[in-house]
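Heads up: the sequence shown runs through residues -11 to 198, numbered per this note's numbering.
There may be inaccurate statements among the hints.
[Unchecked claim] Cut-off 20 Å, straight-line C-alpha distance, at most; resulting in silico cross-link-like pairs (EDC-like, lysine to aspartate or glutamate): (1) 57 with 177; (2) -9 with 50; (3) 92 with 61; (4) -9 with 61; (5) 106 with 176; (6) 106 with 130; (7) -9 with 14; (8) 92 with 107; (9) 57 with 166; (10) -9 with 46; (11) 115 with 14; (12) -9 with 20; (13) 92 with 147; (14) 115 with 169; (15) 57 with 44; (16) 115 with 46; (17) -9 with 47; (18) 115 with 140; (19) 115 with 166; (20) 92 with 103; (21) 115 with 176; (22) 106 with 169; (23) 115 with 130; (24) 57 with 130; (25) 92 with 50; (26) -9 with 15; (27) 92 with 22; (28) 92 with 187; (29) 106 with 88; (30) 92 with 109; (31) 106 with 177; (32) 92 with 112; (33) 115 with 88; (34) 92 with 18; (35) 106 with 46.
Everything labelled a hint here was simulated from the structure, so no lab data went into it. This one's a predicted model, so the numbers in the text were calculated from it and none came from an experiment.
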Amino acid sequence: MLKEYGRVRVRATGMYGTIVDLQPGEDHCEIELDGWQHDGQIDGDRQFPYSFAVSDLEEMVEVGRYERKAVFDSFDTVEISSNCFIAMTLAPTIVIMRHDSGVKLIVQSWDYETDETKELDTVEASKLLSAVFAMHADRWTEPFMPEYGVLDGYSWTMDVHSGTRYFTCRGMNAAPNELIELLYAVADEGLPLAWNGHEMLLPSNGDDED
């Protein structure tokens, strides 16, 4: 059952979003689509909610710990988003979309100054997917945290979707090595590296990061 602030999938396009206004008895509701899909939104504005017919939406279901592996094994979209208060515009979103002919990669900064996409063929896709599955992200049921306090840092979320089912992984000022290896694997395909050595950020001013 659709509910306000619930996650939904648009049937026609497969786009994901959140209901921000749902009135009882109305046949339309307002959806804020996830920011990386801005090319498919009116005027390319990721913040403005758009009206969709309720009948055009599918409710997303967050699965429990015992269903996570099935969702991970059959994923169609992995979305990794970082937030950093002191470097907001450099905070990346990395999207990995699997389809029959390969994999589509997207790397965007919060302000879209970085906005790059690449389609991977069978060989490239196989290499990238190996890095995805090496994470065993279905096991990441607890947030990643450092052993020491951090006043200014970053946080991240990773949503793994398979159709209308999904689960979320989180971290704050800490990321598992397998996730960092995935970010390097994305960079190996020619997209910007979204890891600066201690935070999940894109390099500033074109600086290279090791």
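We went through each hint and held it up to the structure:
This hinted pair does not check out: residue 57 and residue 177 have alpha carbons roughly 26 Å apart, beyond 20 Å. Only pairs whose Cα atoms come within 20 Å are accepted, and residue -9 paired with residue 50 is accepted, the gap being roughly 14 Å. Taking the CA atoms of residue 92 and residue 61, the gap is near 17 Å; set against the 20 Å cutoff, the hint holds. A distance of roughly 28 Å separates the Cα atoms of residue -9 and residue 61; the hinted pair therefore is violated under the 20 Å criterion.
Annotation: proposed proximity of residue 106 to residue 176 holds, straight-line Cα distance about 12 Å (limit 20 Å). With a C-alpha separation of about 32 Å, the suggested pair residue 106 and residue 130 falls outside the 20 Å cut-off, and the hint is violated. Taking the CA atoms of residue -9 and residue 14, the gap is near 12 Å; set against the 20 Å cutoff, the hint holds. For the hint linking residue 92 to residue 107, the alpha-carbon distance of about 5 Å falls within 20 Å, and the restraint holds.
With a C-alpha separation of about 16 Å, the suggested pairing of residue 57 with residue 166 holds against the 20 Å cut-off. Between the alpha carbons of residue -9 and residue 46 the distance comes to roughly 11 Å, so the proposed pair stays at or under 20 Å and holds. For a cut-off of 20 Å, the pair hint linking residue 115 to residue 14 is broken: about 47 Å separates their Cα positions. Pair hint residue -9 plus residue 20 holds up; C-alpha atoms about 14 Å apart against a cutoff of 20 Å.
Our distance criterion of 20 Å between C-alpha atoms is met by residue 92 and residue 147, whose separation comes to about 16 Å. For the hint pairing residue 115 with residue 169, the CA-to-CA distance comes to about 12 Å; that is within 20 Å, so the pair holds. For the hint pairing residue 57 with residue 44, the CA-to-CA distance comes to about 28 Å; that exceeds 20 Å, so the pair is violated. The straight-line distance between the Cα atoms of residue 115 and residue 46 is roughly 32 Å, outside the 20 Å bound, and the hint therefore fails.
Simply put, residue -9 and residue 47 have alpha-carbon atoms about 9 Å apart, close enough for the 20 Å limit, and the pair holds. Proposed proximity of residue 115 and residue 140 is contradicted: the alpha carbons are some 35 Å apart, above 20 Å. As the CA atoms of residue 115 and residue 166 are separated by approximately 14 Å, the hinted pair is consistent with the 20 Å bound. Between the alpha carbons of residue 92 and residue 103 the distance comes to roughly 13 Å, so the proposed pair stays at or under 20 Å and holds.
With a C-alpha separation of about 10 Å, the suggested pairing of residue 115 with residue 176 holds against the 20 Å cut-off. Of the supplied pair hints, the one linking residue 106 and residue 169 holds, its CA atoms being roughly 19 Å apart against a limit of 20 Å. With a C-alpha separation of about 27 Å, the suggested pair residue 115 and residue 130 falls outside the 20 Å cut-off, and the hint is violated. For the hint linking residue 57 to residue 130, the alpha-carbon distance of about 15 Å falls within 20 Å, and the restraint holds.
For the proposed pair residue 92 and residue 50, the alpha carbon gap of about 24 Å is over 20 Å, so the pair is violated. Pair hint residue -9 plus residue 15 holds up; C-alpha atoms about 13 Å apart against a cutoff of 20 Å. Restraint check: the Cα-Cα separation between residue 92 and residue 22 comes to about 17 Å, which is no more than 20 Å; the hinted pair holds. Note on residue 92 and residue 187: the hinted pairing is violated, with a Cα-Cα distance of about 24 Å set against a maximum of 20 Å.
Between residue 106 and residue 88, the direct Cα distance comes to roughly 15 Å. Compliance with the 20 Å bound is thereby established for this hinted pair. Among the hinted pairs, residue 92 with residue 109 is consistent with the structure: their alpha-carbon atoms are about 9 Å apart, no more than 20 Å. Annotation: proposed proximity of residue 106 to residue 177 holds, straight-line Cα distance about 8 Å (limit 20 Å). At roughly 11 Å between alpha-carbon atoms, residue 92 and residue 112 fall within 20 Å of each other, so this suggested pair holds.
As the CA atoms of residue 115 and residue 88 are separated by approximately 15 Å, the hinted pair is consistent with the 20 Å bound. With a CA separation close to 28 Å, the supplied pair residue 92 and residue 18 exceeds the 20 Å bound. Distance restraint check for residue 106 and residue 46: the Cα-Cα separation of roughly 28 Å exceeds the 20 Å cut-off, and the hinted pair is therefore not satisfied.
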